[in-house]
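Based on the hints, put chain B in the right spot on chain C.
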Amino acid sequence: MATLLDYCALVRSKNAGPFTLTFDFMAKDERTFTALCATGALSPGLFASLFHVAETEVVVTPVPAALAIKVSLPRPVVQGARGDSDTYAGQQYGPLMAMTLPELDR
Amino acid sequence: MEHRILAPTGALGAGFDLTGFSRGVALRPHVIACDAGSTDSGPSALGSGRPKLSDAAVARDLRHLLRARADLGVPLIIGSCGTSGRDDAVDHLAGLVRDLCRADGLRARLGRVYADQPADRLTRLWDEGRIRALPHAPAVTRETFADGHVVAMMGAEPIEALLEDGCEVILAGRASDTALFAALPHLRGADPGPTWHAAKTIECGAACAVPPSANGLFAYVRDDHFDVTVLHPGARLTARSVAAHTLYENADPFRVIEPSGVLDTAGASYEEIDDTTVRVRGSRFEPAGEYTVKLEGARLAGHQTVIVGGVRDRVVIRRLPELIDMAQGYFAAKITDVFGGRVDPADVDIDFRLYGAGAVLGAHEPDKHDPAELGVLITVTAPEQETARAVATFVAHAASHLPMPEYDGLVTTIAYPFSPPETDRGPVYEFTLNHVVTGITPTELFRSSVEAL
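Going down the list, the sequences are from chains C and B.
In terms of UniProt numbering, the first sequence has 99 at position 99, counting the first letter as 1, and numbering is strictly consecutive.
In terms of UniProt numbering, the second sequence has 157 at position 157, counting the first letter as 1, and numbering is strictly consecutive.
Okay, chain C solo, but in the shape it has when bound (with noise of 0.2 angstroms):
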């Protein structure tokens, strides 16, 4: 099995303002990020079930020109507000580091 970092040169999350959270997920080359396309594994159910957001509010845009996935949903916390650990919500992505995909074609 292999796992993002087989796919992607980048994994990052970050703040798109202070209400909504964004991933992009670069992947190393054409092959793997039509490979990563293929698998359908950042799909708007996987974040959903994470970060507790109904599916319709996930949104799971493939960039061809950036080579990349982007992913955006409500902030699971508002930046700054009680309970917010991640202000830049830098590190929300971690979870997804241990998610098993597909092998790549050598």
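Please keep in mind that the hints were generated in silico from the structure rather than gathered at the bench.
Heads up, a few of these hints could be off.
[What the hints assert, rightly or not] With a Cα cut of at most 30 angstroms, we get these calculated DSSO-like pairs of lysine-lysine:
| id | chain 1 | residue 1 | chain 2 | residue 2 |
| --- | --- | --- | --- | --- |
| 1 | C | Lys28 | C | Lys14 |
| 2 | B | Lys52 | C | Lys14 |
| 3 | C | Lys14 | B | Lys368 |
Below, chain B without anything else, positioned relative to chain C:
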């Protein structure tokens, strides 16, 4: 027609390399623009008026920009002064500009645009149904607009008005980052598609360079495309790194919303001219049917005292979550007792974050592993600092001597690195708005002033 823009750094005060900057100046830009603010570091700057970066760091950058501007005879535009773009932050930066100009013998026509929104104006707009919630907006009432500090995020038009007035240094309150770079080309009649996409690409400075840096970028906006080039020696730009920048901190990578319309990059193509320059074609700007201006608000959420500690004993690590739950009841009773009923326990928030056991992701942490050490961050938030501190002192004391059922006798359950363990954080703030004002002219919510230096 060509419009050349120098973006020296992603944020005024973040610094930039002078070799790359000199290269940018030598390319004879028509305008130098730089953003100085963001909501990215949280609600504190807007709530308190205290900027994220120091005066020393801001003045260092500003001095180079003012000298270059004077040499070139072109405008310098700074947006979202003092991180928040509050009126007092604009005036504070104006003070730094005056000092630097005096010290360096520079003259300039200085324009300021203010973005603070008085509460009575906002409540009137609210009553008229002209304030609309954006996605994920918090609940507001009529009273929200008078609670805390509110700024509106200007588009390019208030800045264009000062350019038309001949201003050479423009200090803007809260402003769309892109608007600072788009204002001059827009005023000179450039195609808005390449203009706004170039602005979006360079507003973070060399963040889209390989490797990313705090240094600058240079854009050439032409009739049906724009070129973007990196200035810092050794840095590169690739078609992909430029294309990828539309992802950064945006919810939607293809549609960037501005007050006057939407930048649509879905049809854009990216071509490497050489190692340091990328050409972008096919960007479109769709004018909005209705001009909207976004509001940002932050209000006081209380005063805070924090305690940091650590736990190494496995027995304590295992017991801590349940003991903390039990301790909350004890703390509530203690608050009532200590303050003789003058402080309502419901007004004091005592929060324990266990680093190593889901502190970052909280309830969303799927991986409940067994740490060897546990970091403990205790935050006490109360209406007054004195109360927060008083509560924190007995919380720190009680938390370090939690009763351990496994042990016969008193143990110290938390390792404190500081004496005293409590540190006052002062006032803390929270965001109040994610709304837009509708049915307005582009300049009506902003005031400006002009002076000769």
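Item to check | Satisfaction of hint between C:Lys14 and C:Lys28, Cα-Cα up to 30 angstroms | outcome: Given that 30 angstroms is the threshold and the Cα spacing comes to 20 angstroms, the pair holds.
Next on the checklist: Can you confirm whether the C-alpha distance between B:Lys52 and C:Lys14 stays at or below 30 angstroms?
Outcome noted: holds (18 angstroms)
Next on the checklist: Holds or violated: C:Lys14 and B:Lys368, Cα atoms, limit 30 angstroms.
Outcome noted: holds (23 angstroms)
This entry satisfies every hint, going by the numbered hints stated previously.
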